[in-house]
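Engineer: Listed below, chain by chain, are the residues.
2 protein chains.
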Amino acid sequence: LRNKKSNIAVIGDGSWATALIKLFTNHQVEINWYIRQDEILDKIKENGRNPLYLSSVKLDMSKINLSNDINEIICQSDSIVFVVPSAFFHSTYKKIVRENLNDKILISAIKGIVHEKSKIVSDFLITEGFSSDKIVAIAGPCHAEEVAMEKLSYLTIASENEVLAKDVAGILSCNYIKSSSSADIVGVEYSAVMKNIMAIAAGICHSLGFGDNFQSVLLSNALNEINIFLDAVYPLNRNINKSAYLGDLAVTAYSQFSRNRTFGAMIGKGYSVKSAQLEMNMVAEGYFGTNSIMKIVKNLNIELPIIQAVYNILYLNISPYIEINLLTDKLK
Amino acid sequence: LRNKKSNIAVIGDGSWATALIKLFTNHQVEINWYIRQDEILDKIKENGRNPLYLSSVKLDMSKINLSNDINEIICQSDSIVFVVPSAFFHSTYKKIVRENLNDKILISAIKGIVHEKSKIVSDFLITEGFSSDKIVAIAGPCHAEEVAMEKLSYLTIASENEVLAKDVAGILSCNYIKSSSSADIVGVEYSAVMKNIMAIAAGICHSLGFGDNFQSVLLSNALNEINIFLDAVYPLNRNINKSAYLGDLAVTAYSQFSRNRTFGAMIGKGYSVKSAQLEMNMVAEGYFGTNSIMKIVKNLNIELPIIQAVYNILYLNISPYIEINLLTDKLK
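Quick note, the sequences are listed as chains A and B, same order. For the first sequence, this note's numbering puts the final residue at 332, and the numbers step up evenly by one. For the second sequence, this note's numbering puts the final residue at 332, and the numbers step up evenly by one.
In case anyone wonders, no lab produced these hints; they're calculated from the structure. Don't take each hint at face value.
The list treats identical chains as interchangeable, and a pair is accepted whether it falls inside one copy or across any two copies.
Pairs of lysine to aspartate or glutamate, DMTMM-like flavour, derived with a Cα cap of 20 Å [unchecked claim]:
no. : residue 1 : residue 2
1   : K178      : E323
2   : K151      : D329
3   : K58       : E128
4   : K94       : E72
5   : K45       : E30
Model, not experiment: these values are computed from the prediction.
Only chain A is shown next, with the shape it has when bound in the complex (with noise of 0.2 Å):
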């Protein structure tokens, strides 16, 4: 990527997927930005800005060429990146013909997971029948909106192919951004799904009053049992404190603005999840997160309380008050 004038497609036009786009257009190359909706598209067009999203960015359209053909837009680039909201990756994914993917690189910049499939976005490729090799993923702690603001954010670029994860990491560090790479895809990706969820409990303790002391005990607890889980799915002698795990839960359970955090605060404050849903007009990741997350701990001998806690509140029905209380006697 690094070296040559590449081609990116960028399949998504939400707040991460704008950011990611201003990042891109500080390197030498060309952007095919796939926008689903016309009037959207036509937005861009006329004035260089994300109407929806982020729309203080004034992006460098001499580089980016925008089609509502997903398809066009996949032939005419060399890596491809996704990044829409998780609920629709599936059903985005199923509009492409499956054969313009064949060796393209394909980046993710989902933070949720394919909950068609129970799936985190790099195995579910990988079942699909691409190469790990040509599989990255991009990590936060990141909000968009200081992406935007141009503050100084980390990102971690995790692939088996190391090489790969280096040059992508290239192109994304700028005076504002320092990349890093990782070989650990596959804990970074389970750990971006599982702070959602981090993030809906620590949303429904704020709501039923609970104050700074027990949220980070909460955050303590949290980081640990995503460290459990990670050590069942995928051992590794990983270090859980560096910034693609622990930064990123840290940014997202503690931030106001977090979707998830809300959509928890509303959980605690007696919303149905029908009538938070509604009432946000969007489907938070860590809903669908909480339910895969426990698909497949289901076939792992191991015990993770505070997402336990969320599934029941937010699958079986139980009164939050009823189910974190009975989490508080399991934190230390």
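Fit chain B to the given chain A structure using the hints.
Structural biologist: Relative to chain A, chain B alone:
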């Protein structure tokens, strides 16, 4: 402690001292409270409230005996809880006739270092000839203000004497306090010192305009630094993600109310150390901690970039802007 009616001396009259007294009075204990200033002592006697700290807390005065004579207080007690600001611990200690402490249980609730000796409290007491078997430390994560409000909080009680640690944990537990015990008294004490320095760093970075993405990376790297330091001074197979380490760090570094963070924020805005201390009318514990930890690090072959940066800013007058920008290249 637990089985018989016990006499506990509390040496200190700040918010944490007041919160601990509230907890002790839940049990069948008698508390001998050393109050240095007569006017404060009189006010407490009159109103059953500490006029300066957590004045919303009504204390059970039937269990509390007050005196301005520290040696009298100590002679009347089996267990001595030290809970003064670390900056005043050594001068307070020197008022005590050494023999009066013989055979007493010595409990430190001090979240800082004995800066005159560059030692944590337990190490200081051991060099004074006391047995580690009788020394206990009370560790967070625990803002006193939330204990006053009876918000669920978790304490870690550490001692090489695990039976004693469990006893003290029992006497501090109640429906809103869960206490667990640990043998890693050195680890939790150093961690409590270092988290204050990390909170200064977080405050400096906040004032320099760094955002949440960066703060979460700082938190990850801070925990790693604490772990590296603890491994060097006191190797142990400890889980640094537990609440006494990570939780205590998180609640301090992320809290807008942390005095250390506030101190750091003033330094980041350009205040000198002297003017920040004058403005705050107090000394942030992390200021002394920084100097002491750096003295200890000199004899160890490790690098602690965040602590070093804070030291360079506070003690060598390097500009926060320059120092933190150098630091950003060392974080991951």
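Engineer: Hints first: check each against the structure and report whether it holds.
Structural biologist: Going down the list of hints, with the structure as the test:
1. K178 with E323: Between copies only: 17 Å across, 40 Å inside.
2. K151 with D329: between (39 Å within a copy, 15 Å between copies)
3. K58 with E128: Close neither inside one copy (37 Å) nor across copies (66 Å); limit 20 Å.
4. K94 with E72: Intra 15 Å, inter 80 Å, cutoff 20 Å: intra-copy only.
5. K45 with E30: within (15 Å within a copy, 76 Å between copies)
In this structure, the one hint that does not hold is number 3.
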